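S.K.: Listed below, chain by chain, are the residues.
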Amino acid sequence: MTANQFQFVDERVTRLKYERQIENFERLESSYRREGIITLSIEFPYFEFAFFAKETLVQIKNPLIIPEKTLVIRTPLPLCLFSIKIDYTNFDTIPPSISIINLFTSKKERNVQFAPYITPDQQNKRSLIDERFKSINQNVLIPDSKQDLFFCLRGIKEYHEHPQHNGDSWLLYRIDGKGDIRTILDQLQLYSIVNYNKLLSQQLKLEFGNG
Amino acid sequence: MNNHNQLITLNFRIQNETIPIDKVNINQPLSVPVKKALKDNNQVRELEDWVVTFNGSQLDISQKIENLGLSDGDTLKLTLTEGGGGDR
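Sequence lines, in order, name chains A and B.
If you count the first sequence from 1, position 160 lands on 468 in my numbering, and the numbers rise without skipping.
If you count the second sequence from 1, position 85 lands on 653 in my numbering, and the numbers rise without skipping.
Certain hints may be false.
With a Cα cut of at most 30 angstroms, we get these calculated DSSO-like pairs of lysine-lysine [to be verified]:
hint, chain 1, residue 1, chain 2, residue 2
1, B, 632, A, 325
2, A, 506, B, 607
3, A, 369, A, 416
4, B, 632, A, 433
5, A, 393, A, 369
6, A, 325, A, 369
7, B, 603, A, 506
8, A, 369, B, 632
9, B, 591, A, 442
10, A, 415, A, 442
11, B, 607, A, 442
12, B, 603, A, 454
13, B, 632, B, 607
Here are a few chain B residues that sit away from chain A, every Cβ distance over 10 angstroms (derived from the structure) [what the hints assert, rightly or not]:
hint, residue
14, 576
15, 600
16, 611
17, 645
18, 648
19, 649
Because the hints were derived from the structure by calculation, they are not lab data.
As the structure is a prediction and not an experimental result, all values here were calculated from the model.
Ideal Cβ positions, reconstructed from N, Cα and C, are used throughout, including at glycine.
Required output: the full structure, derived from the provided sequences and hints.
M.R.: See below:
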């Protein structure tokens with residue numbers, strides 16, 4: 309597989325660090341799978357994962373079935389929220405890069421079924437610059453100038469290369485595990501699968517009219 | 569339920585480490601064993617810096633363990649609160 313980025317670090321070093329990431333991941337793989345994170349591919353210098361919600365809950369307002377009542381369908385039908393490719397090229401001189409990919413083709417994707425976000429109770433309020441996020445959700449999957457989606461999270465290449473974060477260098481976080489595969493998966497799971505499940509508990513509602 | 573049945577073991581995964589906390593009283597709030605797990609794992613970040621999830625759902629640590637539907641041997645995950653764009 310050809311890397312998308314130019315490998316300027318000695319490849320043996322990056323491979324060694326990538327293999328450590330594989331070891332870290334494999335210890336928890338069965339746990340991640342139970343939580344809805346499915347491995348698509350592990351091939352140097354990449355990981356590919358799909359994030360699944362285990363069930364969907366839909367309320368259908370269909371007057372033909374039950375006039376003026378709502379039909380609730382709760383189904384263990386898995387829903388793929390999004391799929392990602394993590395690129396460990398040059399790790400850990402530079403942080404891993406994450407892109408959204410198509411579940412079936414692994415090609416870059418610009419749409420997701422569910423965009424992850426940080427809820428106010430998942431924020432570290434003591435270190436917030438923007439006070440709005442004490443009370444509103446913060447998107448973490450954001451379109452860049454080319455409309456490609458990137459994760460605006462520390463420890464991710466696209467965050468540290470963004471002009472808004474040029475004072476928040478990767479080198480400040482390089483040794484504290486921010487680019488670690490477990491940290492990335494745990495964070496993305498929290499902001500996507502966990503928050504999706506919260507929405508389910510609030511009962512998503514779809515209304516249908518007669519056509 | 570006798571006193572013995574009110575004591576369970578909960579496991580807490582903090583990154584790669586799984587910390588078992590024994591003899592957890594199900595009438596206590598979840599924050600009690602969470603604090604103990606963080607202490608046992610030598611974590612210096614404060615309690616409010618962590619989010620606790622189980623089986624894909626976020627748990628309110630102020631709730632009693634019994635009311636959260638947790639059982640003996642369950643493994644809960646602790647994730648650090650972490651901001652993106654609006655966070656320093």
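S.K.: Confirm or reject each hint.
M.R.: Results for each hint:
no.	hint	result
1	B:632 <-> A:325	violated (42 angstroms)
2	A:506 <-> B:607	holds (29 angstroms)
3	A:369 <-> A:416	violated (36 angstroms)
4	B:632 <-> A:433	holds (25 angstroms)
5	A:393 <-> A:369	violated (38 angstroms)
6	A:325 <-> A:369	violated (53 angstroms)
7	B:603 <-> A:506	holds (24 angstroms)
8	A:369 <-> B:632	violated (37 angstroms)
9	B:591 <-> A:442	violated (36 angstroms)
10	A:415 <-> A:442	violated (36 angstroms)
11	B:607 <-> A:442	holds (27 angstroms)
12	B:603 <-> A:454	violated (45 angstroms)
13	B:632 <-> B:607	holds (20 angstroms)
14	576	holds (20 angstroms)
15	600	holds (19 angstroms)
16	611	holds (12 angstroms)
17	645	violated (7 angstroms)
18	648	violated (8 angstroms)
19	649	violated (4 angstroms)
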